[in-house]
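Student: The lines below spell out each chain.
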Amino acid sequence: MILDALFLINALLAVGFAVAMITRKNPIYSALCLIATFFPLAFIFLLLWAPFVAMIQIMVYAGAIMVLFVFVIMMINTEKQELEAGKPKWYRRIAGAIAFLFVIVGFYSIVMGINSIAPVDSSIKEEFGSTAALGHLIFDKYLIQFELVSVLILVAVIGAVFLAKKNLD
Amino acid sequence: MFFTLENCLILSVILFSIGCYGVLTKRNILVILMSIELMLNAVNLSFISFNYFNYNMMNGEEMGHFFVLVIIAIAAAEAAVGLAILVALFRNRDSADIEKLVEMKW
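Taken in sequence, the protein lines are chains W and U. The numbering of the first sequence is the working numbering, which starts it at 1 and goes up by one. The numbering of the second sequence is the working numbering, which starts it at 1 and goes up by one.
So that you can see chain U by itself, here it is in the shape it has in the complex:
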């Protein structure tokens, strides 16, 4: 048996960590936003797998699926606002490099 809750959650943890590494190391704001999308997807996977493997405990209700739909909607909103901020930033600075935004550096 390989298709178990543990393995689904381990896949989710690995994808989340890859996204976390990308957020921490990348300099391009676009790639940072993409890494955030990857992290959200890892969370979606864990919701879906909990819902499936605890089917009997949930009385067959698709609560996790509803959570995933809400997360996808919020991810779309987040991507739209983040990219709009990036476009405005690029218009003022001519750069998508996060290392150049140092006004608030102490």
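If we strip away everything but chain W, and leave its shape as in the complex, we get:
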């Protein structure tokens, strides 16, 4: 019961902030609404027995990535009056139709195709989703994938520094 209520509240908060993010004119408000979207999502991750991922969500997404966004917004100082003068109306309508189609197809396949049974909470191992369990998984079973991700991050860092340099010759 309490789980249902917590899930419902956080789901509504997440959707509300996401809609707010899309409808703001000023990009700084969009960034703040996106940060506010991440917190209810992290709470839902906690309900789904993923405490480590929830903390990573808050620290990396709401902490690091969004700080990067806010810095760039402050730095490039877009004039908001020229933006959001609006695309033509038919364009907006087609985009809305595509997004709505996503929702319909998603609902249909979810309602038609799912039969899974949630585990009883007492049957779950206590260390499920904990830092220790995930550490074993990453450094024993998926070590190569983990190292590949670190190479990817290195490439991205070098690329970002190169792209943002002053004179790009």
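Calculated directly from the structure, the hints in this document are not laboratory data. Everything numeric in this text was worked out from a predicted model, so none of it was measured. Please note that the accuracy of each hint is not assured.
[To be verified] The calculated DSS-like cross-link candidates involving lysine-lysine, where the alpha carbons are at most 25 Å apart (straight line), are:
#, chain 1, residue 1, chain 2, residue 2
1, U, 100, W, 165
2, W, 166, U, 100
3, W, 89, U, 105
[As the list claims (entries may be wrong)] Covered stretches of chain W, going by a simulated chain U footprint (3 or more residues, C-beta under 8 Å):
#, stretch
4, 94-106
5, 123-132
C-beta atoms are modelled at their ideal positions from N, C-alpha and C, and glycine is treated no differently.
Chain U: place on chain W using the hints.
Tutor: Leaving out everything else, chain U in the frame of chain W:
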């Protein structure tokens, strides 16, 4: 019972569609990048909920959690490169408006 796999996935679909709408309609490149982050988050939610609700089938392994960690790392890389491109673009064009990048328009 409200806290079920269906409802988690429906929340994920709704967030993904909101992000998709933002990518398609927004003109500011920054807001488009933020919408992409929202879509990635919706996918993360579906991974986590599949992992939890199919606990018995997965033998209690946290494979979905590992996928989510990889997605978060890739999202960070994507945001860094995308924002660097945006800064370089802004330096050359003085604008973050995607409607002004029309060189390749037919």
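Student: If a hint holds in the structure, say so; if it doesn't, say that too.
Tutor: Against the structure, the hints come out as follows:
| no. | hint | verdict |
| --- | --- | --- |
| 1 | U:100 x W:165 | holds (22 Å) |
| 2 | W:166 x U:100 | holds (22 Å) |
| 3 | W:89 x U:105 | holds (20 Å) |
| 4 | 94-106 | holds (count 9) |
| 5 | 123-132 | holds (count 5) |
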